[in-house]
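Student: Counting in the numbering used here, the sequence shown runs from 311 upward without gaps.
For lysine to aspartate or glutamate, the following DMTMM-like pairs were computed, each having C-alpha atoms within a straight-line distance of at most 25 Å:
hint, residue 1, residue 2
1, Lys371, Asp413
2, Lys371, Asp341
3, Lys371, Asp356
4, Lys371, Glu334
5, Lys371, Asp331
These are computed hints drawn from the structure, not numbers from a lab.
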Amino acid sequence: MSTAMITLPAYLWPHRSYPGDLRELSRVRADLARDLWGMGGADLIDTVRLVTSELFANAAKYARPGARVDRVMSLSQGRRLRIGIFDAGDGPTRPRIPTERTDAAWDWAEGQRGLLMVSRLADGWGCHAVPEWPGFRTQVWATFDVWAGDEPPVHE
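Sequences and hints are given; from them, build the entire structure.
Tutor: Pasting the structure below:
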């Protein structure tokens with residue numbers, strides 16, 4: 311018999327929900343900067359904002375018309391910051407980094423290149439389908455190691 315260990319986050323930021331529209335990107339970035347204020351150096355915050363922007367843009371591009379895109383964020387006790395972006399696409403999808411392709415396939419892959427940047431800037435990333443009737447949502451997440459001494463901001 312095996313047992314599973316569930317690790318709860320040390321800190322969980324409030325859930326944020328946005329219209330699935332690229333025009334919301336400035337609001338997403340501003341909210342993220344506000345949420346991370348006082349945590350880590352400017353490099354960490356800039357990197358997290360850039361990666362989150364790419365994940366949000368990808369989710370908004372593939373979301374159903376009128377759908378919302380949600381952001382969740384947590385900090386583990388092991389000092390790992392995790393950002394999750396949920397889209398509301400038409401079905402379960404698996405984001406991929408482009409590889410060797412034909413010219414036509416590269417045209418399609420143009421929107422996927424942001425994931426290559428995500429893979430280089432984040433300490434980890436991945437995706438999984440989240441059941442939701444009548445279809446599936448996809449969460450794409452990225453993690454960042456946070457240096458010792460950085461603490462989550464206190465929001466009043």
